[in-house]
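S.K.: Heads up: the protein sequence lines correspond to chains A and P, in order.
Sequence positions in the first sequence follow numbering that gives the first Met the number 0 and run 0 to 485.
Sequence positions in the second sequence follow numbering that gives the first Met the number 0 and run 0 to 444.
The set of hints was computed from the structure by calculation and includes no laboratory data.
Treat the numbers as computed from the prediction; the structure is a model and nothing was measured.
Built from N, CA and C at the ideal position, the CB exists for glycine as well.
Misleading hints may appear alongside valid ones.
Stated by the list, open to error - Simulated pairs of lysine-lysine, BS3-like, Cα-Cα distance not exceeding 27 Å:
no.: 1; chain 1: A; residue 1: 18; chain 2: P; residue 2: 54
no.: 2; chain 1: A; residue 1: 225; chain 2: P; residue 2: 54
no.: 3; chain 1: P; residue 1: 54; chain 2: A; residue 2: 403
no.: 4; chain 1: A; residue 1: 301; chain 2: P; residue 2: 44
no.: 5; chain 1: P; residue 1: 317; chain 2: A; residue 2: 342
no.: 6; chain 1: P; residue 1: 194; chain 2: A; residue 2: 78
no.: 7; chain 1: P; residue 1: 342; chain 2: A; residue 2: 30
no.: 8; chain 1: A; residue 1: 455; chain 2: A; residue 2: 417
no.: 9; chain 1: P; residue 1: 365; chain 2: A; residue 2: 18
no.: 10; chain 1: P; residue 1: 27; chain 2: A; residue 2: 342
no.: 11; chain 1: A; residue 1: 301; chain 2: P; residue 2: 194
no.: 12; chain 1: P; residue 1: 36; chain 2: A; residue 2: 30
no.: 13; chain 1: A; residue 1: 470; chain 2: P; residue 2: 299
no.: 14; chain 1: A; residue 1: 430; chain 2: P; residue 2: 27
no.: 15; chain 1: A; residue 1: 470; chain 2: P; residue 2: 54
no.: 16; chain 1: P; residue 1: 365; chain 2: A; residue 2: 204
no.: 17; chain 1: A; residue 1: 301; chain 2: P; residue 2: 59
no.: 18; chain 1: P; residue 1: 34; chain 2: A; residue 2: 342
no.: 19; chain 1: P; residue 1: 360; chain 2: P; residue 2: 284
no.: 20; chain 1: A; residue 1: 225; chain 2: P; residue 2: 428
no.: 21; chain 1: P; residue 1: 34; chain 2: A; residue 2: 233
no.: 22; chain 1: A; residue 1: 152; chain 2: P; residue 2: 317
no.: 23; chain 1: A; residue 1: 189; chain 2: P; residue 2: 342
no.: 24; chain 1: A; residue 1: 470; chain 2: P; residue 2: 317
no.: 25; chain 1: A; residue 1: 389; chain 2: A; residue 2: 445
no.: 26; chain 1: A; residue 1: 6; chain 2: P; residue 2: 55
What the hints assert, rightly or not - Per the computed footprint, the stretches of chain A lying under chain P, defined by three or more beta-carbons under 8 Å from a beta-carbon of chain P, are:
no.: 27; segment: 137 to 146
no.: 28; segment: 288 to 295
no.: 29; segment: 319 to 330
no.: 30; segment: 358 to 371
no.: 31; segment: 377 to 390
no.: 32; segment: 398 to 407
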Amino acid sequence: MQLIFEKSVQGRRGFKIPKSDIPLRTELPRKYCRDRDPNLPEVSELDVVRHFTNLSRLNFSVDTNFYPLGSCTMKYNPKFTERIANLDNFLELHPLLPQLLGGGMLTQGSLEVIYRTERLLCEITGMAAFTMQPLAGAHGELTGAMLIARYHKHKGNRRKYIIIPDSSHGTNPASAAIAGYNVIVIPTGKDGCMDMKQYRDKLNKEVAAVMLTCPNTLGIYNPHIKEICDTAHKVDALMYYDGANLNAILGKCRPGDIGFDIVHLNLHKTFSTPHGGVGPGAGPVGVGENLIEFLPISRVIKRSDGTFALDYHKLNSIGYIAPFYGNFGVILKTYAYILFLGKSGLIEVAESSVLNANYCRTLLKEFFEIPYVRICMHEFVVSAIRQKDKGISALDIAKYLIDKGIHPSTIYFPLIVKEALMIEPTETESKQSIDRFVEVMKEIAKLAENNPQRLKDAPQTTPVKRLDEVKAARELNLKWTGGGYY
Amino acid sequence: MNYVPHTKEERDQMLKTIGVFSVEDLFKDIKEDLKPKSFDIPEGKSEFEVIEHMKKLAFKNATHLINFVGAGFYDHYIPAAVDALAGRSEFYTAYTPYQPECSQGWLQAIYEYQTAICGLLDLDVANASLYDGGTALYEAVMMAIRITGRNRIIMDSGVNLIYRTMLYTYTSNLSIEFVETPVIHGQASRQEIYKYLDDKTAAVILQNPNFFGVIDDCSDIVRKSHSYGAVVIESVYPLSLGILKSPGSMGVDIATGEGQSLGIPLCFGGPYLGFMATRKEFVRKMPGRIVGATVDRDGKRGFVLTLQAREQHIRREKATSNVCSNEALCALRAIIYLSLMGKQGLRELAQLNYQKSEFAKIILDKIPGVEVKRSSPTVNEFTVLLPMNADEVVNRMIDKGFACGFPLGRFYKGMDNYLLVAVTEKRTKEQIVKFAESLEAVLCS
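Okay, chain P solo, but in the shape it has when bound (with noise of 0.2 Å):
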């Protein structure tokens, strides 16, 4: 079947209507000599022998344990309406939008998601959305050097290590200079930053909560850095925004982030959502798809693909980015979670996220011999200093069922005993409690 719907006689109605012996005789600009040398693909299943198959495979993971693990990616609950609304095929099989006439739904719920991301952050505009936060902190970068002429980077080191590596693949055969500051008691080091900030600096590149899950009020180095004429960018974690101030309320420049938290799956690494706002001034250099309200013929409002003048089908080699797509369907996932936290919801949800965090810190602090750290406040992922290796900890916490947390020497040198430790909404009581108690033991073993 192959989803093929010809029988024998349409396919010799449609040869001969050709005017074709065969399907062979199509392929005739293939040549004979470059006909495969082997095409060694097992015969085809049924629906059902597949799903039986993948079904096998998916037990070969665990996902029994209760998972402590965030380091940007973090277990949220996703309500069931996110599913049903973004299973919708009338959704999942439509494609780019290059006909608004046809596709005034997936236009609008780009303009809606638009709105929201922007409140979010307290910014002007919003793209529709880029492959994940690290590519999506690489075209920030890319756009702070169009707006500035300028090609000197400083980056804070709590900025993600994911994304600081994929910066430096992205830019490597590109003359930019990156200069990596220190974090100081969790935050941002102010005097370093300060001391390679000059006239020739692009941007400043700064996370909230930072990679430690550590807050800052950045609004300091913000001021600084314009001073200098310098683009300031952050990397945020949008459900924290629900309490956090804004990254557009500290006079941030460009915002950008992983938009996982937003009624994502964790789904072993994706797909997830990078989004993407800065301030109006800046749109026409802001690199990806962006939707805008119009009207139709009669004066109706209606919604197309804009700014589409900076775009590779358009430009080629001189557009602003070769990015011709965006995660629509994570958006859409994004925008439904929003719309039903609301306000008030996102509010609640991230002091929740927050209180049996800090619930947690209390916890585990009171184990012998380890410390959380709490030199600068968080918001529901912190740093554990333990006795012990990270690593050998971690492990052990497996056979007790617990995903326990990052250990950060993987990623931070001298870091080898830290832990790093996401607490979310779906944590219990009673699962923090184990989850010391579990803690204890491993480490008194």
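Chain A with its partners taken away, still in its complex shape (with noise of 0.2 Å):
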């Protein structure tokens, strides 16, 4: 498709500037002015619908296709949160009301929900109090870390280190990382969970945290999960809990009564806000009593009159990490979402999520490889060696999938598992979509036997066939620069 740039014709407009009411006209100084238009596309208002319109139907959503992308939970994402979000009343409140004298009084409504969205996720995840003010799970991430680091540096305590298992997010040691820490990586035994033995060797007074994300990245909780939390603390090492993928465990268990410090949810998978084709998300973080004080400012607090204000003076706060309250309007998605399901709906999330991994798992295991057998939480991870012997991979799987209708799987994620297929169906697909899936799966490895030109060739539906990504790399083109359109 031709680009909007491609489409621009000299001197054409798209939106009616209101005419000036002033009774003045006054010019900025030259020298501070451009000499030249800034280079944007001249365009009508129906090229720019018809533009955009026609993008959007080259994509795959959950609002067209079955979209079973591991670690993403891609579930349904219900209209009426969108109806909510775009009340006016919402969407147009300036962030900086509340910080004008008198100006509490004036945003309680949204300040109320900021508060009843934090109870709300403590009570889910038996944390003491939550921040909502990270931006996105890696974000809440970076978060977590800085309040790993706030409270040794409180206590006086030396510490270099994080420990994080091979089966945790990339992001994991990313976040680490970049807030100062170095990282110990503890690799992953027979049972697809940390190797015990390794991670007793590693754990010491300079182990600042312990990050796990569970269930782990092939979709396995870890029995093991109080006792390493037990241990952890016995040197005052912090425990992570990585809640990216809350989604199997809603009301089955929960990180503050096992004995997590820290963790972090994403709201755009497990609370069903929509991923926004990646961002906006929302990253909140639940802490312990031990580490409420160092929670970013500003916190929302309830007077004993009800109101609720801002808070700011918290002296051992981390400080400012995002310029306001948290991505509000995600926020609000998820507070509604809540209600809505209640408590007997966000455990059926979890049911239904686990049930319909393993029914796939099930179905699936008779035509692929999968490397830890055993009952998996809202997601696993199969691996085609099998076919791989036959010249086939996970990509050319992935790329067959999509002609089948099916978005594809997470793939060569996570790094431990060969040619990775990591596949999560979430609780809101039916038997008939999981069912159609395997189908097409089955066809896969048939034709991986008798005709894998098929699979290398695919996809054929799409409006490009496979891309040169090397090109891409190599001969970097990151924006249109004039020329036609080929």
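Both chains are given apart, each in its own frame, so use the hints to dock them into the complex.
M.R.: This is how it looks when you write it as structure tokens:
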């Protein structure tokens, strides 16, 4: 498709700028002005509408396709929460209003939403307090790592390391490193869980924290989780729970009860706020009593008269991590989603997401290698090593799924499984859509035997065929610089 | 219902296929002593009930005030087409375009966004966006440190205090030395910056327009900084770039900013849009997702995520940043907004903001005891010196129906009587006149 820039016609307009009602024509001094207009397209409103409508149709999305993308929880995003987020009284509120003298009373509704969401997340996770400020899951991790640093600094501990199993999300080590820590990686044992002997060996008083992704990226709930926590606490290392994928454990267990000190959640996964083509999300962080004083400012508090206010007077706080109170639009949808589901609805999410994953896993195990054979949580990993022997890779499988109208599972992740396909059906998918997916996967297993070229040639039905990613990285073309359409 | 489609029969069939008797059997790895001590969540409600509840909460917010508060976050008009297009669920229910063949819509939109951001800033390359203007500035600092291998940062105190505070939080465990230099007559003090500038300086951070709304041509600072091998970072207000000299044309190395003014609602602080652009030679040091053009097997143009070797899912603890997302939906709003405005529209809009703000300056200046600071030019936000505490004035103006500005005493010592006033294209002549009348009444009472 042509770029919007390629549709540009000199002098064409897409928006009527209001006429000035001011009896004044001053000019900004020339020396501060740009000497030519910015390079933007000149198109009509219809050009814009048609262009972006047509672009939208080139995407797979949850609303159009089954999307079993492991680790991403691509469940159905309710429409009513969109309507709520678009209420003018939420949408048009300036974030600085509550910081004006007397302004707090003008924003009681939004402050209450934040306060109540924090309380609900505390109850869901068993943590003592939450900050809603982190703007994404990885941002939550970084906040958590900074909380860890502040805790130890406050106690006068000198700690250099954070322990992370190799089955964690890639963001865990990256976040720890950016906060100033060195990372100790613990390999995965035969049971798909962190190797306990190596863990005990590496744990000492220089370790600031242990970050666990749970369930891990193999979809396994670590049965030794309590022991891992208790061992860490003996050396005053904090326990961090990567709760990006909380779907499977809603109402089944709570990180706070197990003894975790910090947890981050991805609202765009478990709490079904739309992923938005990757962002905006939200990654709120919960902590135990021992870390509340370090949480970022401001905090939303409830006063004795029942009103809500912002509290900045937190001496030991790590400071500001976001300009305001978090991605408020995302928090709103989360709050509404939890109210809608309620207690039994949340438990149903956990049960059905685990049911769907295990059902799918059971049906696939005949055709694909499953490296860790056991009951899984919300997702599982299969390996295409059998198909690899015939020259078919996880990538080929992914591309054929596209031809069948299914968004591919996550591939080549986790890194510890060869030719990995990480599959997460989510609870909102029906038995029929999983059955169809399994049928396509069976067909793929057969094609790998009989007609591997068909898989190599996939996808055929998409606007473009397989793209040359090497060329993209070598001959960087990161913006349009003129030239024709090809 | 809870959006789970299974009937009881289907559930039983699925359990049978798995070979277990009950759903509980699937949770055996969670040992009995780890079951929740409490799960006291209210029972679910219907869609209608939740919406009614939310409407009640919404009405506890007051949005009737006529808004003159900016401070980096502005009340601009958002064309209906932005909402309609960004509201298409083929966009908002998709995810990371790791599979480019079925994500060309998103990838092309981001490529177009990158192109528009580069056009606006006059820089070579932009990333696919970051969380917000503050985190973008932090990422720019880390990038400057990677580029120069140095660790001193000189920061003009005209940079939004919210961002300065965020920078201090993020770098508190790292050995980075910050020097803040004062603002003189509303603009960055050259003398003070040059006093600290040396061959250990990684970056000089500026903001244009700065927190006081004042604009500047910082070409001289850039030249001097480059002569010491330092990188210049500038945080900018994108809508003002319809008329203002661009960071690229002033020689700035990394430009960042808050994209909220480009068709994104104020929404009580987020989601917003952090943008970042830089010069070609620094592209591999730039954090965040980047979309590139390439060709498919048939030689047809297509788009992919590129330079992923910098990123956490491959590099883990050695990644350039832990960022694994962008604010795609906000970036989409920005490219739709910029396409609708076009080059002429954006210029005219920025001019309109400027004109209205200049008009407000004249009117406000006529109030006895009020002094509009005029030492340096501004675009659509300016500082007013009041004869009394600005916090008090703001408080009393709320009763008159105005959010009349941001009291600078909150952020700057000794500025208790200063008010920062923003005037966008949405403010009518009538509102501005009324604003001045109300302010006069408040000051006289």
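S.K.: Which of the numbered hints are not met once you compare them with the structure shown?
M.R.: 1, 2, 3, 5, 6, 11, 12, 15, 16, 19, 20, 23, 26, 28, 31
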